[in-house]
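Line by line, the protein sequences give chains S and F. For the first sequence, position 18 (counting from the first letter as 1) is numbered 18 according to my numbering, and the numbering increases by one without interruption. For the second sequence, position 114 (counting from the first letter as 1) is numbered 114 according to my numbering, and the numbering increases by one without interruption.
Among the hints, a few may not be true.
Unchecked claim - Straight-line distance between alpha carbons at most 30 Å, and here's what the computed BS3-like set of lysine-lysine pairs gives: (1) S/90 to S/170; (2) S/49 to S/16; (3) S/16 to F/193; (4) S/147 to S/111; (5) S/14 to F/193; (6) S/205 to F/105; (7) F/88 to F/105; (8) S/147 to S/6; (9) F/88 to S/246; (10) F/200 to S/16; (11) F/200 to S/122; (12) S/16 to S/6; (13) S/111 to S/122; (14) S/170 to S/147; (15) F/88 to S/16; (16) S/6 to F/88; (17) S/246 to F/96; (18) S/6 to F/96; (19) S/246 to S/111; (20) S/147 to F/200; (21) S/147 to F/193; (22) S/90 to F/96; (23) S/205 to F/88.
Please keep in mind that the hints were generated in silico from the structure rather than gathered at the bench. Source: prediction; values computed, not measured.
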Amino acid sequence: MNLTLKIWRQKNAKAKGAFETYHVENISPDTSFLEMLDILNNNLIHEGKEPVVFDHDCREGICGMCSLHINGHAHGPDSEITTCQLHMRKFNDGDTIVIEPWRSAAFPVIKDLAVDRSAYDKILQAGGFISVNTGGVPDANAIPIPKADADESMDAAACIGCGACAATCKNGSAMLFVAARVSSLAKLPQGRVEGARRAKAMVAKMDELGFGNCTNTGACEAECPKAISIAHIARLNREFLSAKFKD
Amino acid sequence: MGTFLYNSSIGKKLVMSVTGIFLVLFILFHMSMNLVAVISPEGYNMICELLGANWYALVGTLVLAAGVVIHFLYAIMLTLQNLAARGKERYAVTAKEQGVSWASKNMFVLGTIVLLGLCLHLLNFWSKMQLVEIMGQETNSLGFGPADGAALIRYTFSQWYYVVVYLIWFAALWFHLTHGVWSMFQSLGWGNKTWYPRLKSIACIVATIVFLCFALVVVFYFIQSLCGGACNL
Ligand code: HEM
Ligand code: SF4
Ligand code: FES
């Protein structure tokens, strides 16, 4: 496959960025999207040019590092996958592909396509944990947990903190991420104890860091690689509001 | 205590939701009242009589105005904060996300159209009815009694341009409600995977009933004006 790439290039957080056009040739449809960028970077290095900076780590859809807004979609055109799980067979020979970094005031560009997502870490540090040492793996059934609750919790725990939710949301809202974290802990007895404090602390941090207000468009859920449901946002609203009304 | 209603994102959404629910309930009441104008103009004027410048109608009007003002001010606040959160640099390419409604992304624009329509409506009706009574006058600028709502409807919707403007207004309200009526439950924390399809259907049904009933009155009186009272619809 031969492709035209329009890639956002930006020297650093302060510099003004712009799109640059590149061409890559003889790309196999079985190449992953990130491998295709590796090939581009290899060519650029051989031409003595600066390679394109982009984030990645595990390349198997579990770390959440690979970001990229591809042809108008977070993580590209396929649903429920990360960019590292996207393959070139999803595109056609001769296509032009536009690649942009996450755009959200709380995720400033570091360089080219890499953005600073430490805002999500700060929200986690504000309350996305259990304060006591829960010890080793407990005996099965030592603490009975209804199957439905365990499933809900696991679904929410699938969140990899990639940032696609805030990057997609027209309001730059981090609600899906925060909701996933609050929900996965609130549904388990170990996490339930601190539920109210956690919801308040994480929402306060999220607001403080300049994320927007959720207006329930559902765009986050549609673009989330782990298909986290906005039902978790409803739960976060319940947790937060009942905690505030109890105060 | 209570500060979360303006300094937390979820608290602000609670205010949006509660004022929204209140406005939806009012709209449903107003809609039912209007239907009487089609069935019996005399009956309609009886209701107008009841809702003149007496204490309960005035208190109702003030509470309603407060609801609209709070809903609008919070809408401005939310929208400005959300624009800032999105950042200065915008995506060059955007695509529609699966299952995301157009209305949900344009609530502020739709709401502004609703508000502009409301201003016109107050000018057309309220200023010629309740306001006239508050000022202690006997008749309004058109020479009708302030409780003669039926005559005012007949006069207003005999002019085609008002018919067009009102129908556009109702259409904007339809879009606003298709998202608003389910979103208000979600903002309160009431929603889950089983209930989303149900809530969205309910929202669509409520919005459509509201649209049809309001439009019926306007179109009914317009058609009646066309046959110059000759036909008895
Ligand atoms: C009588 C007219 C109106 C009714 C019945 C109404 C109803 C609603 C409802 C039920 C909601 C959902 C609340 C929630 O998501 O929690 C809503 C949201 C909203 N309304 Fe209105 N509204 C009206 C007028 C307006 C006006 C005049 C504006 C001004 C611009 C406006 C702007 C908004 C905005 C920006 C939202 C937020 C969208 C969201 O959070 O989903 N609305 N409205
Ligand atoms: S909720 Fe989904 S989109 Fe948001 S950070 Fe988690 S995995 Fe990514
Ligand atoms: S590189 Fe780890 S999720 Fe894509």
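*Unmet hints by their number, sorted upward, for this structure*: Hint check: 3, 4, 5, 8, 9, 10, 11, 14, 17, 19 fail, others pass.
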